[in-house]
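Protein sequence lines correspond, in order, to chains A and B.
With the first sequence counted from 1, adding 30 to any position gets you our numbering.
With the second sequence counted from 1, adding 30 to any position gets you our numbering.
Treat the hints with caution; some may be incorrect.
One copy or two, either will do: identical chains are not told apart, so a pair holds if it fits within one copy or between any two.
What the hints assert, rightly or not - Dumping the calculated EDC-like pairs for lysine to aspartate or glutamate here, alpha-carbon to alpha-carbon at most 20 Å:
| # | residue 1 | residue 2 |
| --- | --- | --- |
| 1 | Lys175 | Glu161 |
| 2 | Lys106 | Asp76 |
| 3 | Lys106 | Asp216 |
| 4 | Lys175 | Glu196 |
| 5 | Lys112 | Glu179 |
Don't read these hints as lab results, they were simulated from the structure.
Protein chains: 2
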Amino acid sequence: MLLSGGLDSYTAAAIARDQGFDLYALTVRYGQLHARELVAARHVSDALGVRDRLELSVDLAAVGGSALTGGTPVPKDRELDKGEIPPTYVPARNTVLLSLALAWAEVLGSQDIFIGVNALDYSGYPDCRPEFVQAFERLAALATKAGVEGQPLCVHTPLIDWSKAEIIRRGVALGVDYGLTHSCYDPAPDGRPCSRCDSCRLRARGFEEAGLPDPVFT
Amino acid sequence: MLLSGGLDSYTAAAIARDQGFDLYALTVRYGQLHARELVAARHVSDALGVRDRLELSVDLAAVGGSALTGGTPVPKDRELDKGEIPPTYVPARNTVLLSLALAWAEVLGSQDIFIGVNALDYSGYPDCRPEFVQAFERLAALATKAGVEGQPLCVHTPLIDWSKAEIIRRGVALGVDYGLTHSCYDPAPDGRPCSRCDSCRLRARGFEEAGLPDPVFT
Numbered sequence: 031m032l033l034s035g036g037l038d039s040y041t042a043a044a045i046a047r048d049q050g051f052d053l054y055a056l057t058v059r060y061g062q063l064h065a066r067e068l069v070a071a072r073h074v075s076d077a078l079g080v081r082d083r084l085e086l087s088v089d090l091a092a093v094g095g096s097a098l099t100g101g102t103p104v105p106k107d108r109e110l111d112k113g114e115i116p117p118t119y120v121p122a123r124n125t126v127l128l129s130l131a132l133a134w135a136e137v138l139g140s141q142d143i144f145i146g147v148n149a150l151d152y153s154g155y156p157d158c159r160p161e162f163v164q165a166f167e168r169l170a171a172l173a174t175k176a177g178v179e180g181q182p183l184c185v186h187t188p189l190i191d192w193s194k195a196e197i198i199r200r201g202v203a204l205g206v207d208y209g210l211t212h213s214c215y216d217p218a219p220d221g222r223p224c225s226r227c228d229s230c231r232l233r234a235r236g237f238e239e240a241g242l243p244d245p246v247f248t
Numbered sequence: 031m032l033l034s035g036g037l038d039s040y041t042a043a044a045i046a047r048d049q050g051f052d053l054y055a056l057t058v059r060y061g062q063l064h065a066r067e068l069v070a071a072r073h074v075s076d077a078l079g080v081r082d083r084l085e086l087s088v089d090l091a092a093v094g095g096s097a098l099t100g101g102t103p104v105p106k107d108r109e110l111d112k113g114e115i116p117p118t119y120v121p122a123r124n125t126v127l128l129s130l131a132l133a134w135a136e137v138l139g140s141q142d143i144f145i146g147v148n149a150l151d152y153s154g155y156p157d158c159r160p161e162f163v164q165a166f167e168r169l170a171a172l173a174t175k176a177g178v179e180g181q182p183l184c185v186h187t188p189l190i191d192w193s194k195a196e197i198i199r200r201g202v203a204l205g206v207d208y209g210l211t212h213s214c215y216d217p218a219p220d221g222r223p224c225s226r227c228d229s230c231r232l233r234a235r236g237f238e239e240a241g242l243p244d245p246v247f248t
């Protein structure tokens, strides 16, 4: 599974574990300014008891085009749910992440990738939509030795149509510790979340709607 | 365009230039043992007069599963044209390369990627086939902001059904200098080609069939 250190991918991984999968965590250092999420990903991997974890680096900051990799400021207090693609969109990011996961899955002999994409709370990102995921599955069947040999790949997206509150409730029911996670796109130097970027505000709204306190602040 | 430093991608780039495209060269250091091809890619970029070049690194050697990244020995004197997938197959490599090219293309505002894949002389690699390339184009239309906004991506594969001899003849006609290129999967420490890996032998056969000397040996 792809594990960022955020709330969604941890929940998706907990669901995979609950379904009986052995977990292999791939975390990608892609040039995100909020590299603190990579530390969180290590803690989350430990909490999940993964079989193995792999961290790969690819410098999408050199490619540019995103606020998350330093191209422009991270927007604050933006109107949520506008449906437009925000400046935090990273060009082709999920295509890059899934292609790396595809490579490792093939080497591991796995036919299952879990990714915590969510089309509802991130409606602006084109590469979080079901039609994108389905197109990736079709590509994977043609791209790899495993695919050609008749082992199709399934990209599991258990959160794709859930609200953030539903994700949190499900995670808590599965015993995930959201205190280990990091969501903020633009944290303070000491790692504290800014509370004003889209990611902070979607997270806060999710905990509020779930009627639960966010353990990061307790 | 994706530029490896080998013969095919240089020819594909020369064809793009001949068609009037401005060239932006993406070279990926993916953990290949024959890193000498990266030096060749720089020389080829200079010879092509590219507008810009970008070198990205992603460690597919850590993912494993290929002779090209050190997992197993590079096979020598293997029967060519057997149609089976050789140990030099790198899991999901072209998916990774195209996804990185897709990211840069979107940032550049380009709708055209050139890749020197060839389904004939490399019939064993699943990710060199037309159906793979078409599936990637379908994915790209759904993956990016540009795609969603109605700017479809075209993946150009001018060499896909050419023999190596045809590639070489066309390249020579376009003035490419194959003396700059590196093809060998397992070069000697001084960079000299081994002459026994698939890549060396396909290259030698291509020059022989084209009735031309390989400038690397002159």
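Outcome of the hint check:
no., hint, result
1, Lys175 / Glu161, "between (24 Å within a copy, 14 Å between copies)"
2, Lys106 / Asp76, "neither (32 Å within a copy, 43 Å between copies)"
3, Lys106 / Asp216, "within (9 Å within a copy, 51 Å between copies)"
4, Lys175 / Glu196, "neither (37 Å within a copy, 27 Å between copies)"
5, Lys112 / Glu179, "between (44 Å within a copy, 16 Å between copies)"
Checked against the numbered hints above, the structure violates hints 2 and 4; every other hint is satisfied.
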